[in-house]
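**Q** Top to bottom, those sequences are chains L and D.
The C-terminal residue of the first sequence carries number 1067 in our numbering, and the numbering is unbroken.
The C-terminal residue of the second sequence carries number 218 in our numbering, and the numbering is unbroken.
Hints listed in this document are in silico derivations from the structure and should not be mistaken for laboratory results.
Ideal placement from N, C-alpha and C gives every residue a C-beta, glycine not left out.
Careful: at least some of the hints might be erroneous.
Claimed, not checked - Residues from chain D that face chain L, not an exhaustive set, calculated with beta carbons under 10 Å:
hint, residue
1, LYS71
2, ASN82
3, ILE84
4, ASP155
5, PHE203
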Amino acid sequence: MLNNFVKVIFRNLVKHKTFSIINILGLAVGITCFAILTLFVIDEMGFDEFNKKSDRIYRVYISSDINGNASNTSKTACPLGETLRSEFPEVESYTRLGYFGMHELRYGDKLFREGDIYTADSTHFKIFTLPFIYGDPNTALVEPNSIVVSERAAEKYFGKENPVGKQFVVDDTTTYQVTGVMKNFPRKSHFSCNFLLSASTYPQTQSQNWLNSGYTTYVLFKDQIEPREFEKKLKRIVMEKVGPQAAAILGISLSDFFLKGNRYGFFLQPLTSIYLYSQTHYGIELNTEWGNVRTSNVNYSYIFIAIGVFILLIAIFNFINLTTAKSEGRAKEVGIRKTLGSDRSNLIIQFITESTITCFFSVVVSYIIIQLVLPLFNDFVDRELAINLLGNYYTLPLIIGFTLIVGLLAGSYPAFYLSSFQPSYVLKSKSGSRKSRLRSVLVIIQFAISITLIIGTLIISEQLQYMLNKDLGFNKEKVVVINNASALRNRVESFKQIIASNPGVISSTNSSVMFQSGIPGGSFQIEGKPDSEFKTCQLLDVDYDFAKTYQLTISKGRFFSKDYSTDTSAVVINESAARIFGGTDLVGKILNNVSTNSRTKVPMHIVGVVKDFNYESLHQVVRPLVFRISPVRQASFFFAVRIRSEDYASAIKSIKETWTKFTNGRELNCFVLNEKLEGMYIVEMKIGQLVTVFSSIAVFIACLGLFGLAAFVTEKRTKEIGIRKVLGASVYEIILLLSKEFSKWVIIANLIAWPVAYYIMTSWLQNFAYRINVNWIIFVLSGLIALVIALATVSVLVIKVALQNPVTSLRYE
Amino acid sequence: MIRTNSLRKVYSTEEVETTALNNVNIEINEGEFVSIMGPSGCGKSTLMNVLGLLDNPTEGEYYFLNQEVSKYSEKQRALMRKQNIGFVFQSFNLIDELTIYENVELPLLYLNETLHERKKKVETVLERMQIMHRRNHFPQQLSGGQQQRVAVARALVANPKIIFADEPTGNLDSSHGDEVMHMLTELNEAGTTIVMVTHSPTYAEFGNRVIHLFDGRVVTENFNEAFRV
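Chain L with its partners taken away, still in its complex shape (with noise of 0.2 Å):
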């Protein structure tokens, strides 16, 4: 009997090849979509679970609100987790991950400047998973000033010998042992780095300071906890260790404070958590994730997950749809099989088998889709998405599986409608179709799907482009940015001097970071105000050019200037922080900066006030800043140079002259401030060109579909057309009279999708504190370019039959 189904299966697929191919490429399509989508959100899962150990890690973070000031940040103080390890038996042992800047390394000739060296406690290799090649991992990180390297680096360096017991030269004043070789970092870890120093090279590492936080601190468990219990544990920890360093500064007790609304305490994140949640579950300041962490968005997965199941819907409809459509043809086979015997059951079988086998040609066909696209795709999200068909137990059951359900989903209305056909009917009168009001209801969600994914890509783009052509507050045209700036260690002054002579150069100027994570902030306390009402403000260590640089506009006061002597325990801020504190006439006003370090407040005294400008991400709202002219930390140099226009070429080429001369034939690495500002938003751009892929196909499939059926509804009322035209209807009349059905699924089709599409897009907009406002323009175009382009697609079957001869259509009746 099988046998039979399959020989009428493929004779069918083969007689009808057009549709064939349409069914066949349109399912192929969709679970090509969904495909790839799930790989890359099953890609996006699983981090950290190399770790042997890792569900008994956690990352402390601290949730803090201080001031009106509310804050989660990654980073803890340097004596935590010795604290927790000491006080609490339920930990087995703890590591920290600090950063002490950039150096430069030397071994033999060869000489590079590192800046992914992490200092971590000497028990990093008993927490985590990460195989020697070299050394012993129990002992690696005991000594100061040894060095763990990367396979990578130490292949840089030494070659394929082993370097273990070879020492670097360090900033041609000191020297690190290498003490070890590890494995690369996996790719699914979200730190990775190539040194890893020991923490005792550094005193600082061993500091009792509990409010400076600048440690990433791990804790691994004895057995399995629950996080929620342990944190309550910690609050004792809060009240013991930070409590008496705090009030040094409050002047108020910590409880009085908290009395105040003010909030602090420390709390568990799971290793494995790190990558996908940070942000969404954590609420964790992308800020203070900087360095080599790498973190994603969960709501990205869920994005891409539900634009997969989408189009698989609509491919899956649009199967449903042609496979109903076509089943006049079959009427006739099913009356007959019915009359000989076959009962209803025995039909469904039949047509699930066929629906199954199409599925699975269109799962082979998509197979080779998915190999052939999955490169481009991979480099354009920067992943190593692959299928592994035998590899593993599970691919090949689950891409059966797979098919199987497609096969049933896509199979079963089909099966059910066609085999409910009576014989008796359809076997004397030629058609066996009824009203279908199912495939209309497929046909609007199809289309609803596509309008909202219309939408969505509209938004993003306006969205987008809104960011990339946003006043910020600062001229960003023609800077240039020398992003290895810290070569030229302490001639930075001289450096700038000389390239000031050249006429291209308007400027330049080295500060901190910014449009990046890892801006530092630090606690300021206006004048008149008690101690416990400090503010947090973010730092920037400028010179004296950065606001000529930037172009900055200074709304109060001036900015610093050499030729006031006093400038150098001056603040300028901006007007954020102004706002903070509370005035509108601040110049002249001493700020006390409050040091954690030596518990102490600095006073600085307020020369001006910038206006806003967008030192961070669109993301972010502009926070509280505060300036001083101040040495920059080598590791966060940015030295920005504003080129006048019509010089660029020439001023680019003697930066670059006089740059060599200080390095001593160093490469220079620079970037236009430009690019890195676009850079700030790839992710959205990604996002944004993803979506307007996928949109397309979804519209695409959608239009098949709607083919379809237009080819189902146009058959069936071709004998009511044969009529209106005997009776006098023009042909402009019947497309008319045939478009206005299709028309009416889209604009119902717009209804459902326009109040999805706000929710979605409008919660989606909520990820920027810059944003466009949605415009019902935006809906409404969309939906016009749904109802042409389904126009269009069903206007050639439309204009064949508004032209037929009525004589035929009304003989073939």
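Fit chain D to the supplied structure of chain L, relying on the hints for placement.
**A** Relative to the frame of chain L, chain D by itself:
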């Protein structure tokens, strides 16, 4: 073999009720060749559908092989059909995607017969219908008369107790029509009961009894002169 008692069949749409069969009482014995005649819309086909177990009556009793089948479910009817009944239609109703051999084989598939059995039976019946040489062709490649021979072969292959033929000559020219009628007569002579709907008085004469239907009622039952003699 067949006995009906006050058979009624009503088709109802939302607004209109049409009585297709009204108080039909007929009896057909084993070995008979009964023709049903009547004008268009008199209920001939409805009667065939009910008698052939393709449809249930709205009211009344229907005894098929001494079983009351009027309330049978679709599944039960399907079972009854495939074991006892063969059909021949005006429009042949062969499945275009199957070859002649496969079309004729189909009823046997539904009876779950073995490959060997099927082959034997199909070949025998194809030989008998003289279309063995076209066994691997598709229906569209055959003439109307040949297609109807295939349809008859298919109706015969499972060796049914009764064959229902719904205007079997309607789509054929007269020479092919005669051929089919002779075939049916032969079958009847070999013992198969035949019930045939026809418009043609000439072909109706082939049966031993003619039932005339009008407006859903049996108006007369003529016994064929030839049979009476």
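**Q** Each hint should be assessed against the structure and marked as holding or not.
**A** Hints, verified against the model:
A hinted interface residue such as LYS71(D) counts as satisfied when its beta carbon comes closer than 10 Å to some beta carbon of chain L; here the least separation is about 2 Å, so the hint holds. Given the 10 Å rule on beta carbons, the hint for ASN82(D) holds: about 5 Å separates it from the nearest Cβ of chain L. Proximity of ILE84(D) to chain L holds as hinted, the smallest CB-CB distance being about 5 Å (cut-off 10 Å). Restraint check, ASP155(D) versus chain L: the minimum CB separation of about 8 Å is within 10 Å; hint holds.
Interface restraint check for PHE203(D): the shortest CB-CB distance to chain L comes to about 20 Å, outside 10 Å, so the restraint is violated.
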